[in-house]
Amino acid sequence: MTKINAKHVNPFVEAAMRVVTQVAGIEVRRGHLSYKLKVEPSFGVSIIIGIFGFLTGQIVYSLDGTLAERLVDKMLEGKSPQEKKIMFLDALGEVANMITGNATALLNQRRDQILNITTPAIAAGTNLSIHLIPKPALVLGLITQYGPIEISIAVEEKETLQETSSIEGTLSET
Amino acid sequence: MGKRVLVVDDANFMRMIVRDTLTPNGFEIAGEATNGAEAVAKYKQLKPDLVTMDITMKVKDGLQAAREILESDPNARIIMVTALGQEKMLLDSISLGVRDFVVKPFTKERIISAVEKALR
Chain A
1 MTKINAKHVN PFVEAAMRVV TQVAGIEVRR GHLSYKLKVE PSFGVSIIIG
51 IFGFLTGQIV YSLDGTLAER LVDKMLEGKS PQEKKIMFLD ALGEVANMIT
101 GNATALLNQR RDQILNITTP AIAAGTNLSI HLIPKPALVL GLITQYGPIE
151 ISIAVEEKET LQETSSIEGT LSET
Chain B
1 MGKRVLVVDD ANFMRMIVRD TLTPNGFEIA GEATNGAEAV AKYKQLKPDL
51 VTMDITMKVK DGLQAAREIL ESDPNARIIM VTALGQEKML LDSISLGVRD
101 FVVKPFTKER IISAVEKALR
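Residue numbers (my numbering), protein chains in the order written: chain A, 1 to 174; chain B, 1 to 120.
Rather than coming from a laboratory, the hints here were simulated on the basis of the structure.
Mixed in with the good hints there might be a few duds.
[Unchecked claim] Calculated from the model, a selection of chain A residues having no Cβ within reach of chain B, i.e. all distances over 12 Å:
id	residue
1	L106
2	T118
3	H131
4	P148
[Unchecked claim] Here are the simulated distance ranges between beta carbons:
id	chain 1	residue 1	chain 2	residue 2	range
5	A	Q109	B	G97	43 to 51 Å
6	A	K158	B	L46	40 to 48 Å
7	A	N5	B	K47	47 to 55 Å
8	A	S34	B	Q45	38 to 46 Å
9	A	T119	B	S95	39 to 47 Å
10	A	R30	B	A41	39 to 47 Å
[To be verified] Heads up, incomplete: computed chain A residues facing chain B, CB under 8 Å, no partners named:
id	residue
11	G25
12	I26
13	E27
14	S42
15	G44
16	L55
17	T56
18	A91
19	N97
20	N102
21	T104
22	N108
23	R111
For glycine and all other residues, C-beta sits at the position ideal for the given N, C-alpha and C.
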């Protein structure tokens, strides 16, 4: 049995605010939260990270090219335009990695299990087609002075064996 | 000559940040690796004084690489530098013999202090 849960959203808000402010000095505010039957990134740059453990699924970050450039520009202040170009996708992937990694620490307060993430997959450009697992997602909008960041959280919570057996126990008693 | 550091991270960007932080502070970058398997091979080849090790990497992750390096050299000095600040990962790393656990994003002061402490 699996379930999607709104409690998974706040760790991403908190992590995104912390990470983007620290690495790029850009302030992030919370925007609109919505529900979609499947993940459809709204902007030209998408970063996809898988999560596996007691939560499984994908986190998809989407932002427009201008914000992506501003972000990388700030992160690589003092570097040459050539270096910024070379590091562009890598730096964006690392921001998504840091947000997801920091969020997993907030999601997983348990000492007995690990929530793993995959390395980021990045798609940038026009006329790109991205094939994502067709899962429902909570879509979180974040606002910055340079444009929005959209985070689609398409994860399912797996009940532990202990929780499952306690449900079975409750059912047999009634 | 400064202490020699092997920087392990799959992201070029992060290797650059670690390199740019350590080099002006008197450390020498002995080499770089982009995954755990490369890290184990380069550790044997370069014999660095310290390794900064990411966890989430393709081919072989940083925890497995740290385990293998410490099995072959129990005196190896490794600090984990990862976005995954989960308590179990921290405890697992410490029980392996890793010297410190730095969570990304980090400040320059934090990484320098971790490296200096691990090298004492």
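So, as I understand it, the hint says N97/A touches chain B; can you test that by seeing if any CB pair is closer than 8 Å? holds (5 Å)
Hint validation: N102/A versus chain B, beta carbon distance must be below 8 Å. Holds or violated? With Cβ-Cβ at 6 Å, under 8 Å, it holds.
Is 47 to 55 Å a correct range for the gap between the Cβ atoms of N5/A and K47/B? holds (49 Å)
Does the hinted range 39 to 47 Å hold for T119/A and S95/B at CB? Since the Cβ atoms of T119/A and S95/B sit about 25 Å apart, the hinted range of 39 to 47 Å is violated.
For the restraint on I26/A, tell me whether the closest CB of chain B is nearer than 8 Å. violated (13 Å)
Does G44/A pass the interface hint, meaning its C-beta sits closer than 8 Å to a C-beta of chain B? violated (20 Å)
A range of 38 to 46 Å was offered for this pair. Does it hold for the Cβ distance of S34/A and Q45/B? violated (52 Å)
Distance rule for H131/A, whose beta carbon must clear each one in chain B by more than 12 Å: holds (20 Å)
Given the range 43 to 51 Å, decide if the beta-carbon distance of Q109/A to G97/B lies inside it. violated (25 Å)
Should the hint that G25/A touches chain B count as held when the rule is a Cβ pair under 8 Å? Interface hint status for G25/A: violated (12 Å vs cutoff 8 Å).
Min Cβ distance, S42/A to chain B: is it shorter than 8 Å? violated (25 Å)
Check on T118/A being off the interface with chain B, judged by Cβ distance over 12 Å: violated (7 Å)
Hints 1, 2, 5, 8, 9, 11, 12, 13, 14, 15, 16, 17 from the earlier list are contradicted by this structure; the remaining hints agree with it.
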